[in-house]
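Using the sequences provided together with the hints, build the complete structure.
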Amino acid sequence: MAKSDDGIHILQGLLVFGNVVIGMCGIALTAECIFFVSDPHGLYPLLEATENDDIYAAAWIGIFVGFALFALSILGIIGVIKSNRTLLLVYIILMLITYAFEMASCITAATHRDFLTPNLFLKQMLERYNKLETVNNNDKWMTEGVTKTWDKLMLQNQCCGVRGPSDWQEYTSAFRSTHSDADFPWPRNCCVLDARGSPVNLDGCKLGVPGYYNSNGCYDAISGPMNTHAWGVAWFGFAILCWTFCVLLGTMFYWSRIEY
Amino acid sequence: MCSCWLVLAFCCLGQLCADQSLKPQLAASQLATNNPTLTTVALEKPFCMFDSSLSPNKSYIIYLYAMKESASAISSLVTDNSSKPLDSTFQQTSGGQLGPYKAALFKVPNCASPPKLADVGDVNKVSDVLKQYLFRVGDDGTCLYDPNFLGVCNPPLAPDTTYRFKYVLLDTTEGIMKGQTLWSDPIKTRRVKLPLKIDTWPGRRSGDMIVITSILSVLVFLLLAGFLASVSSAVMGSDNSSAKTRCMSQTIQQSEPRPQLSSE
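Chains as they are written, first to last, in the numbering used here: chain A, 1 to 260; chain B, 1001 to 1264.
Treat the hints as calculated values from the structure; they're not laboratory data.
In this text the structure is predicted, and so the values were computed from the model without any measurement.
No residue lacks a Cβ here, since even glycine has one placed at the ideal position from N, Cα and C.
Check each hint, because a few of them may be wrong.
Claimed, not checked - Quick list of simulated restraints, FRET-style, between CB atoms: (1) Ile258(A) / Asp1199(B): 56 to 64 Å; (2) Asn84(A) / Val1220(B): 22 to 30 Å; (3) Gly197(A) / Asp1199(B): 30 to 38 Å; (4) Gln1250(B) / Ile78(A): 34 to 42 Å; (5) Asp1122(B) / Phe64(A): 52 to 60 Å; (6) Ser1072(B) / Asn137(A): 49 to 57 Å; (7) Asp39(A) / Ile1061(B): 56 to 64 Å; (8) Asp151(A) / Ala1073(B): 41 to 49 Å; (9) Thr1213(B) / Gly197(A): 44 to 52 Å; (10) Gly1207(B) / Lys140(A): 36 to 44 Å; (11) Ile1210(B) / Lys152(A): 30 to 38 Å.
Claimed, not checked - Only some residues are given here: those of chain A computed to face chain B with a beta carbon under 8 Å: (12) Thr117; (13) Glu170; (14) Ser180; (15) Ala182.
Put into structure tokens, the structure is as follows:
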């Protein structure tokens, strides 16, 4: 009898420890997802315009799932310590639902990250940057978002285009239809600007003289934060789910062994 | 190191010029990386190309003529019968389609002291260096539509078209041509692609996504199986335990009267 008592105590101890870890991970997940949703790099308008902003949806789900995990872990600790069958049954069922939501969030983040290729941003930049004739308010909103975001990106990261300034030369674009190639081979923000925001040497920028224009592409500045976002949500969620799987199996076994 | 190489190449070019067949060249690609563009071409000015024709007491200027390559079948003459250079404009030749047009005039570049290309790094000197070293054909987008414009109009070229250029040395006092280069090699302006044609299909799924999806699906299946197993074992366990308690209560009832019988 003493040995099985010890066994039960050990199992209880493990389950409490498991639930404590789940609670802390839940808070961490909420905090991480709030950070991503707050969009510190200002890249959301680019995703909004591609109509493919599901990595943000995954982060939103992550906020609520993290909080639910925290609340349920407290319920689980109380249920295990009191060995109450009803509490533990409620805990298991709610945890399964939360598990399903978190699984949806991880898979969404991982899948939609795959869609964010350089070509997608290139096409969007060429079609929307500085587009003047917009069809409706939604189009206008998205176009303004894309234009402001690209201007800020090019200014802050000293870059031009997605792969390089040659993107503006190789393709026709909404920008090209309003700005002639002779005066604007690429947008002014692609030039090296002085403190007042005007090009250091305009002819040097137009000719492509090294040092007077930004010769590298902005794709790294876009994909870096987006990768961090998507992988942070997907892989951290995955790790939490693996741990939760073990704790849930242990709880189900414990629940089935409690006697009324 | 690159700038030293440029200066050296420049000096060699100056010395060997007399021996080569003289043609207008594109500006150095290390300097003007965006060349030719959709509607412009940046050409090197004719350094030391006309030195043998210059005499010290006279003043000279250089004319630049441009024409589409297809126009060479119609006419590629830049002078009339009395060796006076043609005064054709962009509009008159339909943008170089019917023959050469005068795109620019500038003074003879200084052969003795060419601009040092290494100075391009210096913000104060770069404008002068660029102005002395090269000329951008197609630079002026407004002169064609400006009725008050009196100079030589240099409008943007047509995209995806081959052009050829020629420099002509003119004696300003006599007004006749003193020297000319050959027509340059054909130079083609860029051609653009439509953004509609950009393929945004991401291709195969990444390994991350496959791992996450497959492992999570398996875990969810195991959890549901475990849940069903524990619920069913709990249900069956409660059946067994209720049967056991009935058995046990029966055996207790049976065992209780015995001590009474044995004591009698």
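Outcome of the hint check:
no. : hint                               : verdict
1   : Ile258(A) / Asp1199(B): 56 to 64 Å : 59 Å, holds
2   : Asn84(A) / Val1220(B): 22 to 30 Å  : 26 Å, holds
3   : Gly197(A) / Asp1199(B): 30 to 38 Å : 36 Å, holds
4   : Gln1250(B) / Ile78(A): 34 to 42 Å  : 39 Å, holds
5   : Asp1122(B) / Phe64(A): 52 to 60 Å  : 58 Å, holds
6   : Ser1072(B) / Asn137(A): 49 to 57 Å : 54 Å, holds
7   : Asp39(A) / Ile1061(B): 56 to 64 Å  : 59 Å, holds
8   : Asp151(A) / Ala1073(B): 41 to 49 Å : 47 Å, holds
9   : Thr1213(B) / Gly197(A): 44 to 52 Å : 47 Å, holds
10  : Gly1207(B) / Lys140(A): 36 to 44 Å : 40 Å, holds
11  : Ile1210(B) / Lys152(A): 30 to 38 Å : 35 Å, holds
12  : Thr117                             : 5 Å, holds
13  : Glu170                             : 6 Å, holds
14  : Ser180                             : 5 Å, holds
15  : Ala182                             : 4 Å, holds
The structure meets every hint from the earlier list without exception.
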